[in-house]
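Go ahead and model the full structure; you've got the sequences and the hints to work with.
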Amino acid sequence: MRRERTALIITLLILAGLPVAILSYQRWLRPALSPTRVIDIIAAIPEAGGFQPSAFKVEAGETVTLRFSSVDVTHGIAIGPGLGIDLGHVDPGHVKEVTLTFDRAGTYTFYCNTWCSPNHWRMRGVLEVNDPSGIAPTPQRDPVIEALNAEGINIDADHTSSGMSDMDGPPMPPLTFDSRPSAFRGSEISSRFNIPSNLNTATWRRSHTPAQGLELLTIANPAISKAAAADVIAYLWTRNASRATLASAASLYDKNCAACHGQTGDGKGPMANLTVKPPAVFSDPSHMFIMRDDVSYAKIRRGGMGTDMPNFGTVFTLEETWALVDYLRTLAVETQKNK
Amino acid sequence: MLGQRRINLLHRIPFLKNTLKSRVFQPALMLITLFVFTLAILSGLFGTPAGSRNFGIIFVWIVWWALLILLLVPFLGRTWCTICPIPAPGEWLQRRGIVNRTPGRLRTRRWRWPRRLKNMWLQNFGFLGVAIFSAVILTRPNVSAWLLLTFMMIGVVLSLLYENRIFCRYVCPVGGFIGLYSLVAPIELRVSDPQLCATHATKDCITGNERGYSCPWMVFPGNLARNNYCGMCLECLKTCPKNNVVINLRPFGSDLLVAKERQLDEAYKAFIMLGCALLYSGVLLGPWSWIKQWANMDTLPHWGLYAIGFLVVNLVVLPGLFWLTTALARHLVGQPVSLGRLFVDFAYALIPLGLAAWIAFSFGFVLVNGSYALGVLSDPFGWDWNLFGTANVPWTPLWPTLIPFLQVGALIAGLLFAIHIAYRIARQNSSGHRQAYLAMLPVSGFMTAITFVFLRLYIG
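Protein sequences appear in the order of chains X and G. Residue numbering for the first sequence follows the numbering used here, beginning at 1 and increasing consecutively. Residue numbering for the second sequence follows the numbering used here, beginning at 1001 and increasing consecutively.
Worth flagging that the hints you see were computed from the coordinates, not collected in a lab. You may find that some hints are simply not true.
[As the list claims (entries may be wrong)] Here are the simulated DMTMM-like pairs of lysine to aspartate or glutamate, each with C-alpha atoms no more than 25 Å apart in a straight line:
#: 1; chain 1: G; residue 1: Lys-1292; chain 2: X; residue 2: Glu-47
#: 2; chain 1: X; residue 1: Lys-96; chain 2: X; residue 2: Glu-59
#: 3; chain 1: X; residue 1: Lys-268; chain 2: X; residue 2: Asp-326
#: 4; chain 1: X; residue 1: Lys-268; chain 2: X; residue 2: Glu-320
#: 5; chain 1: G; residue 1: Lys-1021; chain 2: X; residue 2: Glu-4
#: 6; chain 1: G; residue 1: Lys-1203; chain 2: G; residue 2: Asp-1193
#: 7; chain 1: X; residue 1: Lys-226; chain 2: X; residue 2: Asp-326
#: 8; chain 1: X; residue 1: Lys-255; chain 2: G; residue 2: Asp-1298
#: 9; chain 1: X; residue 1: Lys-96; chain 2: G; residue 2: Asp-1298
#: 10; chain 1: X; residue 1: Lys-96; chain 2: G; residue 2: Asp-1384
#: 11; chain 1: G; residue 1: Lys-1242; chain 2: G; residue 2: Asp-1298
#: 12; chain 1: X; residue 1: Lys-226; chain 2: X; residue 2: Glu-128
#: 13; chain 1: X; residue 1: Lys-268; chain 2: X; residue 2: Asp-254
#: 14; chain 1: X; residue 1: Lys-255; chain 2: X; residue 2: Glu-319
#: 15; chain 1: X; residue 1: Lys-277; chain 2: X; residue 2: Asp-254
#: 16; chain 1: X; residue 1: Lys-96; chain 2: X; residue 2: Asp-40
#: 17; chain 1: G; residue 1: Lys-1292; chain 2: X; residue 2: Glu-128
#: 18; chain 1: G; residue 1: Lys-1118; chain 2: G; residue 2: Glu-1261
#: 19; chain 1: G; residue 1: Lys-1021; chain 2: G; residue 2: Asp-1193
#: 20; chain 1: X; residue 1: Lys-57; chain 2: G; residue 2: Asp-1384
#: 21; chain 1: X; residue 1: Lys-255; chain 2: X; residue 2: Glu-128
#: 22; chain 1: X; residue 1: Lys-277; chain 2: X; residue 2: Glu-215
#: 23; chain 1: X; residue 1: Lys-337; chain 2: X; residue 2: Asp-178
#: 24; chain 1: G; residue 1: Lys-1017; chain 2: X; residue 2: Glu-4
[To be verified] Facing chain G, a subset of chain X residues (Cβ under 8 Å, in silico):
#: 25; residue: Ala-7
#: 26; residue: Gln-26
#: 27; residue: Glu-47
#: 28; residue: Val-71
#: 29; residue: Arg-104
Note that CB positions come from ideal geometry on N, CA and C, so glycine has one too.
Here is the structure:
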């Protein structure tokens, strides 16, 4: 009888005691013992539900540990804007985590930055940081987009056409180039020409197309050859950002844009055939010379309506967005000495 | 090779006999496995969803699987069934006790199991049913946990409705293939003198006595000729008053040559197991990511196509090709044996090949992923525990360069053994060596072709 009773007690401990102990630990003891709140987030392709949970709230000043695990394919996990958190690849069955303390209220996006499925761009989640005092964060206004709207510019103009008719009055004939404009050559020869003051002003360049700059430059220098003018303009429109900024923008581009637009900007990324409209070709100077920086900026931040281009305003900071715009400029021109 | 040589282990090792006859032995081991099983379910339900850090996934589908397919089944037959925790709660409820022999009959509703289900078909379809979801089951801890829990619940319900281990004998999808492959194992539970059983009036092994229960597997040890329906529960060893029950060491594959009990359901089990090993090798280890996504249920239509393909290959294509092969063998020899009989008989030659294929398949992921076991041992739920100081042991594939050699070795050994069995089966159905040799040729060709497909998948 004694061994029977012992066996019965052990059985009850296993079948009832163990589950109760584990549940109690998970429900009460673990949160009490943990120095930080742990939030487990499962990453699955959007067709299978995306991030689960896809939204959660934390308090400003609270330290939380976010643990991402993938259940299907390799995902890339990043959180933005402005946090600089990129956890890299999370392979199926693996976990990556980050511990964070937010010092003020705001809304952040955790997102996948590795192409994982045809609906990869939908794979995002919202992390809302609340102020314990109940003060809601002031919605951030974007003066650049507001200015474009005030100017009556259609941000959603088809980027495969010139777009100029939507932006700047009368349509312009498409630009053609005998060779790729060279910013490097432009930097070497620019001192020989009379550069109108507008072209030397960064804010003017942001709100005007290189084609408009080309027109001003040609008027100021009637003898300038077409190729030299293009080189000088290429130089002027690619000198906004430092090399380091361009390098980090290149990394952002590779992770977030190249799947559709192609790593070289040729519009032939692996997902290009799946988008509603063909992705913009950044390596084509004919296209890039009629694009305004501020319009590119607006498209990146707001997304392209009806094009499958997602919004990145919830992911990138303003600085990161401008850096990306500057990086796009470099894709259409030569930036190194042509050997 | 497959003669009548036997070594009575209980006679050679008295300690073993005393241990196995003890009523404590089996429940003690079952309690250990029940603890592990419960932990696997709990970690699946409440632990991390990351498979590689979840005890349930790693210990069930890597550690247990490795033990089962690389060690227990090939060498010890149905020994796993001796200690399997799944039927334990149901059996203990039936018996109203865990260790001792409780007086009186088993407490159940005493329903009668339908005659038409007294075969392996339910296990065959159960295994296929699980197999078509396996890509999901193997990677998602919660799905895996619900599956294990469902097995245990079915075991309990069937124990309350029917006497004995109906679940193990006719339902358990795992028990089905363990039984089939236990025909190859070099261990058997038999009686020393069948005549003694035949003349023994009380037949305690099927009625039970104060030392033990009647055979829960509903088998009469006195005429036991094969392993596949003996669950090695060892009750007969305890109840036999004549000391006539023995455990023998014997040549590998002895049961494959027992002609009188060969059945179509078992033959189909052989096809299903071989087909699943082939398909798993392609889907889970192969380079085709699209089919892996289909198996992973990326969309329902994709998974539906995958499931239909999976079932068709296992139930139609492979048996169909084998049917044509045996038809050719029959045509070559002009044998008087019916095609159906020959089809079933020759299917038993696929059993060692199928087992070898599963061993080769298992080498591919068990050695690669085995090191995860150390991590989850210390942190079974993925909750940042470090119980034994091994939580942060990095993932380290074991002998990755050796794996193809092990796989090729297992497959070649399995093929040679299968060809040998095919010849011996052919001899049973023919009058002479030449006729048997001719009959065996198409079957051997079929098995060689299958082996080449495996080799192509494993080593390119």
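Verification of the hints:
1. G:Lys-1292 <-> X:Glu-47: With a Cα-Cα distance of about 15 Å, the restraint between G:Lys-1292 and X:Glu-47 holds, given a limit of 25 Å.
2. X:Lys-96 <-> X:Glu-59: Measuring from Cα to Cα gives roughly 22 Å; hence the hint holds.
3. X:Lys-268 <-> X:Asp-326: holds, 20 Å
4. X:Lys-268 <-> X:Glu-320: Satisfied, since the Cα-Cα distance of roughly 23 Å is no more than 25 Å.
5. G:Lys-1021 <-> X:Glu-4: Distance of about 17 Å is within 25 Å: holds.
6. G:Lys-1203 <-> G:Asp-1193: holds, 14 Å
7. X:Lys-226 <-> X:Asp-326: holds, 23 Å
8. X:Lys-255 <-> G:Asp-1298: Distance of about 23 Å is within 25 Å: holds.
9. X:Lys-96 <-> G:Asp-1298: holds, 23 Å
10. X:Lys-96 <-> G:Asp-1384: This hinted pair holds, its Cα atoms lying about 12 Å apart.
11. G:Lys-1242 <-> G:Asp-1298: Not OK: G:Lys-1242 and G:Asp-1298 at ~60 Å, beyond 25 Å, violated.
12. X:Lys-226 <-> X:Glu-128: Measuring from Cα to Cα gives roughly 52 Å; hence the hint is violated.
13. X:Lys-268 <-> X:Asp-254: holds, 13 Å
14. X:Lys-255 <-> X:Glu-319: Within the cut-off at roughly 17 Å; holds.
15. X:Lys-277 <-> X:Asp-254: Distance ~20 Å between X:Lys-277 and X:Asp-254 Cα, so the pair holds.
16. X:Lys-96 <-> X:Asp-40: This hinted pair holds, its Cα atoms lying about 10 Å apart.
17. G:Lys-1292 <-> X:Glu-128: Measuring from Cα to Cα gives roughly 36 Å; hence the hint is violated.
18. G:Lys-1118 <-> G:Glu-1261: holds, 14 Å
19. G:Lys-1021 <-> G:Asp-1193: holds, 19 Å
20. X:Lys-57 <-> G:Asp-1384: holds, 23 Å
21. X:Lys-255 <-> X:Glu-128: holds, 24 Å
22. X:Lys-277 <-> X:Glu-215: violated, 31 Å
23. X:Lys-337 <-> X:Asp-178: Given pair X:Lys-337, X:Asp-178 holds - Cα atoms ~18 Å apart, limit 25 Å.
24. G:Lys-1017 <-> X:Glu-4: Holds: G:Lys-1017 and X:Glu-4 sit about 22 Å apart, inside 25 Å.
25. Ala-7: holds, 4 Å
26. Gln-26: Holds: closest Cβ of chain G sits about 5 Å from X:Gln-26, inside 8 Å.
27. Glu-47: holds, 6 Å
28. Val-71: holds, 6 Å
29. Arg-104: violated, 28 Å
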